[in-house]
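Since each chain sits alone in its own frame, please combine them into the complex, following the hints.
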Amino acid sequence: QKEVEQDPGPLSVPEGAIVSLNCTYSNSAFQYFMWYRQYSRKGPELLMYTYSSGNKEDGRFTAQVDKSSKYISLFIRDSQPSDSATYLCAMRRSGGYQKVTFGIGTKLQVIP
Amino acid sequence: EADIYQTPRYLVIGTGKKITLECSQTMGHDKMYWYQQDPGMELHLIHYSYGVNSTEKGDLSSESTVSRIRTEHFPLTLESARPSHTSQYLCASSGGTSAYEQYFGPGTRLTVT
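So the sequences go chain by chain: A and B. For the first sequence, position 20 matches number 116 in our numbering, and the numbering has no gaps at all. For the second sequence, position 84 matches number 91 in our numbering, and the numbering has no gaps at all.
Read the hints as simulated data drawn from the structure, not as lab findings. Check the hints yourself; a few may be wrong.
To be verified - So the derived list for chain B, only partly shown, Cβ under 8 Å to chain A, looks like this:
#	residue
1	48
2	49
3	50
4	97
5	107
6	108
7	114
What the hints assert, rightly or not - Partial selection, computed: residues in chain A whose CB lies under 10 Å from chain B:
#	residue
8	145
9	186
10	187
Claimed, not checked - Calculated pairs, BS3-like style, for lysine-lysine (alpha carbon to alpha carbon, straight line, at most 27 Å):
#	chain 1	residue 1	chain 2	residue 2
11	A	98	B	38
12	B	64	A	195
13	A	166	A	152
14	A	152	A	203
15	B	24	A	138
On a predicted model such as this, the values are computed, not experimentally measured, just so you know. For glycine and all other residues, C-beta sits at the position ideal for the given N, C-alpha and C.
In isolation and in its complexed conformation, chain B is listed as follows (with noise of 0.2 Å):
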């Protein structure tokens, strides 16, 4: 099984609000991302990151930020949520030149009221 983990599993939280999607990797995994994943769609790639320091925007225009500080650890923010962004998060990695195997963690559930 995958060591990557996503706090929180569920959230629900009011308009405006700022939050921090945590999303961790024991794998040493220099390569990470964020994908949006709703009901009968595809996964969409928001940002992904080539290791520390590095990050990028993905194909889905997203409100929401990334930081890559440290290997293991990949946050994404909203500093003001809305409505539209209630959708399910998850977060992968992948190591070495093997970009086509991505772990994915269990996912966040966000629900903006």
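One chain only, chain A, in its complex shape (with noise of 0.2 Å):
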């Protein structure tokens, strides 16, 4: 069993659209829970980042964390073409050098 679970779907949405990706894992150790969005040819970049549980805001993008249910998920209001891409959850434990795991990615596309 994955450790990060994570539909890659497609998932293609109209512009303006509610987006919501999610992600569920297996490990009760971790403590920051990251979101990379990685566009056509180029490297993943860093999204938001979350420590333990609760949500945090940025703009257009809300991330939320339920440890309790060890789901993650990611909100995009008012979706952009822009906002075409791969999102990749990611996650790790606390405490000096601990790895990442990331997820397989969501591809999403928002169709004007």
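Right, dumping it as structure tokens:
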């Protein structure tokens, strides 16, 4: 069983829609939860991170972590064609150096 | 935008050739990483480094080797390329205690014929 499960999609939505991207995980020791965005032929770039449980908002993006359910989400409001990319969830344990475990990524297409 | 560079961006090479994928960062980060990314698969860590003269193998077994002689430079070498080495190779770096925030290069897409 994979430590991090993520639906690869693809997910197609019309411009302006609210997008919900999700990951589940099995390792209860994970404390840092990240979302990376990867455009075609580019490396991933960090979009948001959250430590432990709770919500974090940054402009049109909201990250949520529910540690009791081992479930994390990324919401994109008023989605734009420029949001079309692959979104990877990632997580790691706290303390010293800990490797980051990535999800498979969800491919999102926002249609004008 | 992150200052981490990878060359070449694309490489097509024959079986048995020796290749070196270059990775450099100008952010002074102490930690650097090499990942392998195949279509429909997660990023897999193949090598990492905490600092100069420090290198470790990652989770995914790889026939490649790395070196870290300078802080800013983390090259990956394949002594004898094989078709099974065909993949996207991503280099990343992070600084201080912030291992959660990794800055990625654009990647090298390697095809071995």
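Each hint tested on the structure:
1. 48: Where the cut-off is 8 Å and the nearest Cβ of chain A is about 7 Å from residue 48 of chain B, the hint holds.
2. 49: Residue 49 of chain B check passes; min Cβ-Cβ to chain A is 5 Å, inside 8 Å.
3. 50: Holds, about 4 Å.
4. 97: holds (5 Å)
5. 107: Holds, about 4 Å.
6. 108: Holds, because the Cβ-Cβ distance from residue 108 of chain B to chain A comes to roughly 5 Å (cut-off 8 Å).
7. 114: Check passed: Cβ of residue 114 of chain B comes within 5 Å of chain A, closer than 8 Å.
8. 145: Nearest chain B Cβ about 6 Å off; hint holds.
9. 186: holds (8 Å)
10. 187: holds (9 Å)
11. A:98 / B:38: holds (26 Å)
12. B:64 / A:195: With a Cα-Cα distance of about 12 Å, the restraint between residue 64 of chain B and residue 195 of chain A holds, given a limit of 27 Å.
13. A:166 / A:152: Between residue 166 of chain A and residue 152 of chain A the Cα gap is close to 17 Å, so the pair holds against 27 Å.
14. A:152 / A:203: Since the Cα atoms of residue 152 of chain A and residue 203 of chain A sit roughly 22 Å apart, the hinted pair holds (cutoff 27 Å).
15. B:24 / A:138: Given pair residue 24 of chain B, residue 138 of chain A holds - Cα atoms ~26 Å apart, limit 27 Å.
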